[in-house]
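Peer 1: Please model the complete structure; the sequences and the hints are all you need to start from.
Here is how the chains run, residue by residue.
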Amino acid sequence: MTTIEYEDVDATLRVVRLAGRLDVPGTELISTKFAGLATSQSKRVVVDVSAVTFLASVGIRELVTNAKALKQRGGKMVIFVGKNADVAHTLDTTGIGTLIGVFLDATQADEAART
Amino acid sequence: MPAFNADPSAERLFSPDWSQIGPASEWLNHAGSSLGIPLEALNRLDVCLNEALANVLSHGGPGATAAPLRLRISVENFRHSNASATLTVCDGGLKFDPTAFTPSPLPKSLDDVQPGGLGIILIRGSANELGYRYISGTNQFDITVCWPKC
Numbered sequence: 001m002t003t004i005e006y007e008d009v010d011a012t013l014r015v016v017r018l019a020g021r022l023d024v025p026g027t028e029l030i031s032t033k034f035a036g037l038a039t040s041q042s043k044r045v046v047v048d049v050s051a052v053t054f055l056a057s058v059g060i061r062e063l064v065t066n067a068k069a070l071k072q073r074g075g076k077m078v079i080f081v082g083k084n085a086d087v088a089h090t091l092d093t094t095g096i097g098t099l100i101g102v103f104l105d106a107t108q109a110d111e112a113a114r115t
Numbered sequence: 001m002p003a004f005n006a007d008p009s010a011e012r013l014f015s016p017d018w019s020q021i022g023p024a025s026e027w028l029n030h031a032g033s034s035l036g037i038p039l040e041a042l043n044r045l046d047v048c049l050n051e052a053l054a055n056v057l058s059h060g061g062p063g064a065t066a067a068p069l070r071l072r073i074s075v076e077n078f079r080h081s082n083a084s085a086t087l088t089v090c091d092g093g094l095k096f097d098p099t100a101f102t103p104s105p106l107p108k109s110l111d112d113v114q115p116g117g118l119g120i121i122l123i124r125g126s127a128n129e130l131g132y133r134y135i136s137g138t139n140q141f142d143i144t145v146c147w148p149k150c
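Those sequence lines, one after another, are chains A and B. FYI, the numbering for the first sequence is 1 to 115, going by my numbering. FYI, the numbering for the second sequence is 1 to 150, going by my numbering.
The set of hints was computed from the structure by calculation and includes no laboratory data. Careful: at least some of the hints might be erroneous.
Unchecked claim - Below, computed lysine-lysine pairings styled on DSSO-like, alpha-carbon distance capped at 27 Å:
| no. | chain 1 | residue 1 | chain 2 | residue 2 |
| --- | --- | --- | --- | --- |
| 1 | A | LYS71 | A | LYS33 |
| 2 | A | LYS83 | B | LYS149 |
| 3 | B | LYS149 | A | LYS76 |
| 4 | B | LYS108 | A | LYS68 |
| 5 | B | LYS108 | A | LYS71 |
Values in this document were obtained by computation on a predicted structure and should not be read as measured data.
Peer 2: Set out below in C-alpha cells:
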C-alpha cells in the first residue's frame with residue numbers, strides 16, 4: 001500500500017511523506033496528489049521517503065519531474081531518506097542526488113529546503 | 001534445503017500488461033524466498049524485474065503485448081563460497097539488448113532533465129551480471145545477483 005501525507009511546518013515549508021512501494025502501480029496511486037502538494041505553491045518542500053519500501057525509476061521520475069516544476073515556480077525540493085539504505089542506494093545509483101539534495105538528517109533537510 | 005534441491009528454480013507466465021507488474025513482483029518475492037534467496041538480493045532482483053518489465057511494455061512494440069511474459073528464477077552455486085540467483089525475463093517484443101544499450105549521461109542541472117534511461121541504470125546498479133540472447137523471436141534477459149554464502 002502506497003500512501004501520501006503532508007504537513008505544513010510553516011507558511012513556506014511543507015513536508016510530504018511518502019510510504020510504501022513507489023513502483024508503477026504505487027506511483028500511479030500518489031502521482032496526482034503528489035504533484036498537487038509539491039508544486040501547487042512556490043513552497044519549499046521536503047519529500048520524506050524514509051518509509052518508502054521500494055523505489056523504481058517511475059518513482060524517481062515522479063520526484064524529478066515535480067522538483068523541476070517546483071524550481072520553475074521559484075520553489076525548492078529536497079529529499080529526506082533517513083536510515084532508508086535501499087532508497088538511498090537507488091538514488092545514489094541513478095545520480096539523482098546530485099540534482100536534488102538528498103539528506104539523511106531531517107533537520108538538515110529542512111534547512112537545505114529553506115536556503 | 002535450497003542447497004540440495006535438484007532443481008532450485010521456479011517459472012511463471014504473466015500477461016504482458018502493466019497491471020501484471022505488481023503480481024510479477026509478488027511472485028518473484030514468494031518464489032525467491034522459497035528458494036532461499038536472501039531479502040537483500042531479492043530486493044535487487046525486484047528492482048531489476050520492475051525496470052525490465054516496464055522497458056518491455058513501454059518500448060517492445062506490438063509483439064511485446066501479443067505474447068505472454070515468461071519469468072524464471074533459479075539459484076546456483078550453493079556449494080561454493082558465493083551463491084547467486086538468476087532471473088530470466090523472456091518477451092516477444094522488438095529485439096533489444098539491454099546489455100548493449102548506452103544511457104544518456106546524467107544532466108548537470110535539474111532544468112535539463114529529460115525522462116527516460118533510468119531503468120537500465122538501475123538494473124546495472126542492482127545486478128552483478130547481465131546476459132542477453134535473442135532466440136526464435138524472443139528476448140531472453142538474464143539478471144544475476146550474488147551474495148556471500150553464510
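Peer 1: So, for every hint listed, does it hold in this structure?
Peer 2: Hints, verified against the model:
Distance hint between LYS71 (chain A) and LYS33 (chain A) is fulfilled; the C-alpha atoms sit about 18 Å from each other, no more than 27 Å. At roughly 26 Å between alpha-carbon atoms, LYS83 (chain A) and LYS149 (chain B) fall within 27 Å of each other, so this suggested pair holds. Between LYS149 (chain B) and LYS76 (chain A) the alpha-carbon distance is near 45 Å, which puts this suggested pair outside the 27 Å criterion. Under the criterion of a C-alpha separation no larger than 27 Å, the hint pairing LYS108 (chain B) with LYS68 (chain A) is consistent with the structure, at around 13 Å.
Simply put, LYS108 (chain B) and LYS71 (chain A) have alpha-carbon atoms about 15 Å apart, close enough for the 27 Å limit, and the pair holds.
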